[in-house]
Amino acid sequence: SPETEASDVFEAEVNKTPRSKHWISLSSEKEIDEELLTETREKLMLKLRVDRIFRLPICFSDHNSADSKDSHLECASYQDSRFSIKKLQSDFGIQAVPKLQSNSTQTLRMVPKDTFTQYEPREFSNEELENILQDESLKNCCATQTPRILHALQQEEIMNVFIDDWKALGTGLQAGEWSGQVSDSLVLHQIFTNQKYSKDKKISCLNWHPTIYGVIAVALIKKKEEQTEESLLLVPRPAFIVFYSFSDSSNPQLLLECPDDILAFEFSPSNPNIIVGGCVNGQVLLWDISVHVTYLQAAHPGSKKAATNPDTFDLNDNGENKTAVVRFSAVSALETSHKAPITDVQWLPQTFEVTGMGLPVENKMKVSVQIATCSPDCTIRFWDVRLANLLIHTPLDRRQTDQKTPITACSIPETFKHLDRTWKPLFRVSLPKIDTKGEYVPLKFSFEHYTCSTEKDTENNWTENLPDYSQLRMPLTEKLKAMEDVNTKFFVGTENGEIVYTDWKLESDESGRPCSAKPLLCFNTHQWLVNTVQRSPFFKDIILTTGGWNFAIWKEGVMGGPLVVSQYFEQECTVGCWSLSRPAVFFIGKQDGSVEVWDLLKNSSEPLQLHAHISNTKITCMKPWAVSAKQHFLAVADDLGVLRVFEIPKTLYVPSRHENLSMKKYFELEMENLKDYLRRKEIWTKQKKEVEELKKM
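The number in the working numbering is simply the position in the sequence shown, starting from 1, with 5 added.
Check each hint, because a few of them may be wrong.
Claimed, not checked - Beta-carbon label-pair distances, calculated as ranges:
| no. | residue 1 | residue 2 | range |
| --- | --- | --- | --- |
| 1 | L477 | Y218 | 40 to 46 Å |
| 2 | Q200 | Q111 | 41 to 47 Å |
| 3 | L666 | R153 | 48 to 54 Å |
| 4 | D85 | T43 | 42 to 48 Å |
| 5 | E500 | K429 | 51 to 57 Å |
| 6 | Y682 | T110 | 24 to 30 Å |
| 7 | T690 | T482 | 26 to 32 Å |
| 8 | V330 | K438 | 20 to 26 Å |
| 9 | N501 | Q200 | 33 to 39 Å |
| 10 | E162 | S142 | 54 to 60 Å |
| 11 | L666 | K700 | 47 to 53 Å |
| 12 | Q200 | S109 | 55 to 61 Å |
| 13 | A345 | Q572 | 41 to 47 Å |
| 14 | N145 | Y218 | 53 to 59 Å |
What the hints assert, rightly or not - Only pairs whose alpha carbons sit at most 27 Å apart, straight line, appear in this in silico BS3-like list of lysine-lysine:
| no. | residue 1 | residue 2 |
| --- | --- | --- |
| 15 | K545 | K560 |
| 16 | K201 | K144 |
| 17 | K560 | K344 |
| 18 | K545 | K693 |
| 19 | K228 | K201 |
| 20 | K227 | K510 |
| 21 | K438 | K494 |
| 22 | K545 | K369 |
| 23 | K669 | K607 |
| 24 | K438 | K607 |
| 25 | K369 | K510 |
These are calculated hints, taken from the structure and not from any lab test. Here a beta-carbon is modelled for each residue, glycine too, at the ideal position from N, C-alpha and C.
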């Protein structure tokens, strides 16, 4: 109607069919019973109101799709500003959460400021000083107290009244000091270096002279980078074993000439004038320094050695003092020597000797005459320094051999002339692997009965006449009594960090040829080069090994593994050694130049003392030395060719009460802990297998 159009209000009824299209019958209504269909809901009436005019003309235009990006035109929705719709109902969700608050603080940095205060003393005037000095009370006080002060000073000169009696109990060097202060750490005693012989070199081995006070020998070798440069430039440099003395820390006292660098050397336990060394080219060398012993003994500060000792000589004859050079007496034959550098050399003790099959027999001479060496060529070889009986046929030949020629400082000693360039090993031992093919690569070894000689043993052995090695002869093996109680098993440290326990006695294979036995056990404990295998001076069956980044303590006869294994350190353990006076103390050298002191009775997981920055480079070797019951030294060598000698404090060399017995109980307790761990490990492996079998089922 016109009224509805004017007000833009219309009413519409909701029907079943849309208004814009007529319903077309397809006869489906005949199938439905109209009587059953009834309207149950009321019809809805909607009222709508709009603010715009309907049925307005619409204008469309063409649009090129190439003008838009990606040929796509989007008709995005937008808010029409011409009308708005009010929300009558909205749905919200509320979650109860704790209130979060973020705060931060910043500490104000206080800038340090340097302040100072200067005091001026109050001084008496000259008149006041004269009045005080003329005071009768002061004069009387000085007159009465002077005798008492003089008496106290006299007592102070006689004895130290301020010493602590509790700390002075027992023996020790510090007990006789006037200060009464006892140091608990290593004290630097002396430093040895010489630019002529130690420049661009490192110390590979060191040994204290067994009988002469303050004399120490070191072997200097070229570094790897220096060897490469010299090999390119073809500049030969001599190799020496240098003898230092406390009397002169910068100048060597004696030089032992070497054909090549020496990695290991050792003094003879029977005659300290005889020295054996292992060369980089695999040869074994022998020196005799008998002529120069008097010169070493007479060395003292301020003495003119060249004028007082006729044994020294001058190479250039220009009036300058030159160090005596001793040439080696014998060198092994190159074709029968090791095929790799000799990394360890040891004298067999004078209590026994071995045959060509490695069987221990009695040593009637009671002189150390045999040597054991090891090398990365996978062999350990045994050598004998005596003259074979087959070389002497007639008494005339024996008489000519026994005749001695006068030896001077410039001549070469003929002590081992019979061995020079013809020396062959007595027998050799290989190290076949236990489970796989191939052989272990030995670097260090240690066998029973070879321990550092104590002071009493040294005095008893060396006060007698020293044996003359040139007169020693090899006896017939058939006449020697076999020694079945000698332990022929020994420990070996390898290139890959394994600790191998094997026997040096040879066995016969199916064809009757001698061969080495399989090792009894092998543990890969260190994961890197083993540099120390040393027996305890107090327990012959306790062994300290270092290598890689940890150390371990073993007990011979315990086949389950080491008793003590340290944690893996940040720095590599380069060397280790036992204390000569305390069973619980040992020293560990590190890659960063530090030295650790360990005491197993106080703490087995952390060192007792840590001496950092002893050197700027790694520690290569260490050796303790007991001068007397009141003085002990520790020699420490580094990778720069510098030798430092430290004095060991009283707390580290005086054993505690019953320390030996306490260490025995400690090792027994560690053995029980190891057995318990092995039992638990077996149970864990069985349980693991059972679980795996159940999973498979």
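Exercise for the section: Give me the numbers of the hints this structure contradicts, sorted from smallest to largest. Expected result: Violated hints: 1, 2, 5, 6, 7, 8, 10, 13, 16, 17, 18, 20 and 24; rest satisfied.
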